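**Q** Okay, here's what each chain looks like letter by letter:
There are 2 protein chains.
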Amino acid sequence: MFDQEKILHEVLARIKPTPDEQQKMQEVADNIISLVDQVALDLGLSEVNSLLVGSAARNTWITGEHDLDIFISFPEETTESDLKTIGLEIARKVAEDADGFEERYAEHPYIHANFNDFEVDLVPCFRVSSAAKIKSAVDRTPFHNQFILSRIKGLENEVLLLKQFMKGAGVYGSDLKTGGFSGYLAELLVIQYRSFPGVLEAVDNWKPDTFIDLLGHANKTHNDPLVVIDPTDPGRNVAAALSLDRFARFIASAHEYLESPSELLFFPDPTEQISDRAFEGILILRGTSMVAIVFEKPDVVADILYPQLFMLHRSIRSLLERNEFMVLEGDVWAGHNEAAVVLELLTEHLPSIKKHMGPPVWSKPHATEFKEKHMQELSGVYIENGRYMVDIQRKYTQVADLMRHDIHSCKLGKHVGESIRSDFRILQNTELLGIKQASFREFLAEFFHIKKPRNPDASF
Amino acid sequence: MFDQEKILHEVLARIKPTPDEQQKMQEVADNIISLVDQVALDLGLSEVNSLLVGSAARNTWITGEHDLDIFISFPEETTESDLKTIGLEIARKVAEDADGFEERYAEHPYIHANFNDFEVDLVPCFRVSSAAKIKSAVDRTPFHNQFILSRIKGLENEVLLLKQFMKGAGVYGSDLKTGGFSGYLAELLVIQYRSFPGVLEAVDNWKPDTFIDLLGHANKTHNDPLVVIDPTDPGRNVAAALSLDRFARFIASAHEYLESPSELLFFPDPTEQISDRAFEGILILRGTSMVAIVFEKPDVVADILYPQLFMLHRSIRSLLERNEFMVLEGDVWAGHNEAAVVLELLTEHLPSIKKHMGPPVWSKPHATEFKEKHMQELSGVYIENGRYMVDIQRKYTQVADLMRHDIHSCKLGKHVGESIRSDFRILQNTELLGIKQASFREFLAEFFHIKKPRNPDASF
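Chains as they are written, first to last, in numbering that gives the first Met the number 0: chain H, 0 to 459; chain A, 0 to 459.
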């Protein structure tokens with residue numbers, strides 16, 4: 000246990016903001032809040048006030064993260080259009096003092112501004128009476144803030160450790176790309192299990208259908224691997240965005256840590272970038288076929304882009320499998336200006352013929368139609384398992400041809416669809432090396448599950 | 000309808016025995032029966048008598064078929080050992096007059112003898128009080144004989160037509176190789192539907208779960224595509240040996256006949272024998288891979304051999320599919336002295352790696368074991384759908400190697416197993432042409448569903 004304490008102590012030293020850093024953060028937040036309140040007052044809106052929410056408000060932020068979430072809170076009876084226009088007006092006025100700002104869009108528009116090296120979101124919201132009665136998704140945040148503040152005192156370091164551990168395990172972030180744990184969820188786990196080691200010991204025993212309800216007030220069922228009932232809303236699962244994969248990864252990492260704790264689990268070595276030669280070697284070693292569709296990355300935020308990439312991936316995979324190309328592995332990548340779906344196949348080439356299944360012999364009108372339609376095929380019509388069958392010419396014997404011609408029959412999201420309709424490339428095997436971006440070479444290392452030495456010193 | 004009458008008339012002219020042939024058959028049968036009765040009497044067995052059963056007894060045999068089934072009937076209270084020894088003694092004495100004979104074995108031994116060009120089975124049986132109380136399978140036959148004789152008068156020609164049609168369709172014979180219709184079943188269908196066209200019109204509307212019960216006395220359910228309750232045994236399905244494939248083929252042929260009747264359906268052109276050049280052409284055209292295991296044909300009757308070949312086929316297919324070789328088509332062949340299982344594959348070669356599925360991440364002892372076991376594998380252990388996975392070296396990347404090494408793990412029947420353990424060959428692609436037997440070349444034509452011109456004159 001001494002070992003573990005030493006590790007946690009060292010990790011904490013690397014991630015806990017210094018008193019100076021904390022003070023600086025506090026000052027910046029105070030200044031902006033005063034400014035918001037002043038602007039509101041100048042507009043004669045005494046009912047509008049502002050508050051700091053998120054990890055900055057709770058002292059659960061990791062050093063170097065300078066994100067401030069400042070909510071501009073309007074009375075519940077404000078109309079939506081007033082919230083939008085007046086909310087933005089206040090936020091814009093405040094942002095005039097910033098080094099730069101832009102309008103961003105979630106359910107409602109908000110302002111993202113830079114004050115020195117602080118990233119500040121100025122978000123208008125409704126001040127509703129309970130989290131179950133929110134008028135827009137962000138209205139929930141002040142309730143979360145309040146709940147955590149009331150319980151987290153003294154546990155802040157545990158939250159920092161858990162967040163960093165989740166980052167190391169690749170499961171931190173409830174964005175749609177990651178499908179992992181939100182900061183709020185990490186805080187709730189610490190409140191439930193009282194310490195970082197306590198969380199990991201609990202997680203080590205998790206299975207799908209794990210259920211946590213701090214206030215014992217759940218009022219509906221959820222069908223997710225992990226269910227953590229929101230203390231501020233009995234009908235909501237805080238872990239709804241957590242994918243089975245991230246859930247499993249977290250359990251696996253917790254188990255690994257408990258078996259042999261190591262700082263490397265908090266700060267893993269950076270993923271290797273696969274060189275041209277390494278990639279060529281891997282292809283020979285694996286003997287599989289690689290194919291990728293590459294297209295211009297649509298200029299939309301990750302939460303819009305990734306669901307469309309995932310859908311494209313699923314859809315191409317199903318196209319290939321319907322056509323008897325066996326897919327071993329597949330994933331999506333998005334770089335600076337390009338995006339891709341990459342697949343590994345058992346083979347890129349199939350024989351000229353395929354079996355085509357017809358109706359049961361006793362399904363008379365269909366059977367007659369089938370026989371007439373296929374009179375000219377390669378084989379005669381024959382019977383298998385009570386059905387008419389015929390061997391027909393396979394339309395595409397090369398996977399690249401199939402993808403090139405049938406990609407437009409795949410389910411294409413709005414932006415990815417526009418990009419693919421305008422242009423795309425199909426790359427095969429070593430052609431993938433045409434993509435030189437570091438992030439792609441890291442993606443390939445993960446794609447092939449290249450082993451990272453557990454501990455570099457241990458390899459001798 | 001005139002057309003059809005003309006066709007049936009012509010078919011009948013080709014298959015109905017002449018009066019001379021019938022008379023000859025009757026004389027031979029009468030002589031043997033007298034001989035059996037005399038031999039029994041000489042042994043002081045006045046309770047033993049003989050009877051002619053089967054198609055010869057019912058005038059439902061096709062010209063040229065000179066098979067006589069003569070049953071030697073013992074009182075019910077005879078012991079099994081007496082039936083065997085005394086039954087065989089009588090049969091052997093009778094066969095002393097024959098041109099040659101041999102002992103054969105079904106449930107009990109019997110004698111197969113040649114009298115001129117007649118094939119005669121001399122079969123001891125018990126004379127039980129009803130077909131539901133039989134002591135051995137053959138005891139049922141006299142009851143069948145009696146029932147058919149009581150109903151078939153005037154319908155004999157219809158039976159001849161139906162049997163010949165079934166032969167043309169490849170569905171005649173309830174042996175284990177064919178899995179088709181027995182002569183008794185054909186006779187029952189004619190009794191039920193009153194004429195050959197009547198049978199085909201009924202069959203054209205058959206679906207799986209067709210149920211026929213002439214006497215309305217069924218007393219249990221059966222799970223077969225066609226159920227025809229035995230008029231002599233309410234618990235028995237006469238069509239139990241009929242495979243789904245032969246059931247479907249019969250429906251398809253009936254439909255074809257009703258759409259355009261033709262003598263060709265009764266007397267199809269002989270199957271083509273595939274030449275070396277044709278086979279090479281087919282392989283190029285189809286682009287698939289052929290593989291066969293060839294071994295010495297065990298010296299056993301077809302009803303013993305074929306179930307073992309079918310089992311071997313299923314077992315090899317499952318071996319290949321477990322190892323990710325995709326099987327398109329497969330069948331068994333037995334020639335003069337060799338037998339084979341022949342398979343057509345999407346590909347004969349697979350990549351060096353394969354995915355190996357481990358336990359769920361949350362199944363702790365198994366997960367630890369899996370991770371330790373696979374520490375040295377090609378890829379790192381990774382997670383997919385909540386399970387640990389690892390990419391491992393595929394043991395056999397060539398289908399021939401897999402079959403050569405793992406054939407002994409397949410389910411091998413007694414005789415086929417002995418043969419394969421003593422020796423076998425794996426042939427691939429054009430190596431199959433090493434088998435020159437006509438029956439193998441016909442087998443290949445059927446394997447590839449080579450189209451037969453429906454009517455040779457129609458091809459212009």
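Among the hints, erroneous ones may be present.
Identical copies carry no separate label here, and so any pair may be met within one copy or between two of them.
[To be verified] Simulated pairs of lysine-lysine, PhoX-like, Cα-Cα distance not exceeding 20 Å: (1) LYS450 with LYS354; (2) LYS370 with LYS206; (3) LYS132 with LYS394; (4) LYS435 with LYS219; (5) LYS23 with LYS435; (6) LYS166 with LYS176.
By construction, these hints were calculated from the structure, which means they are not laboratory data.
Computed from a prediction, not measured in an experiment: that's the story for all the values here.
**Q** Now tell me, hint by hint, if it's right for this structure.
**A** Here's how the hints hold up against the structure:
no., hint, result
1, LYS450 with LYS354, "between (40 Å within a copy, 15 Å between copies)"
2, LYS370 with LYS206, "between (52 Å within a copy, 18 Å between copies)"
3, LYS132 with LYS394, "neither (56 Å within a copy, 60 Å between copies)"
4, LYS435 with LYS219, "neither (49 Å within a copy, 72 Å between copies)"
5, LYS23 with LYS435, "neither (40 Å within a copy, 91 Å between copies)"
6, LYS166 with LYS176, "within (14 Å within a copy, 64 Å between copies)"
Hints 3, 4, 5, counting from the list given before, are not met by this structure.
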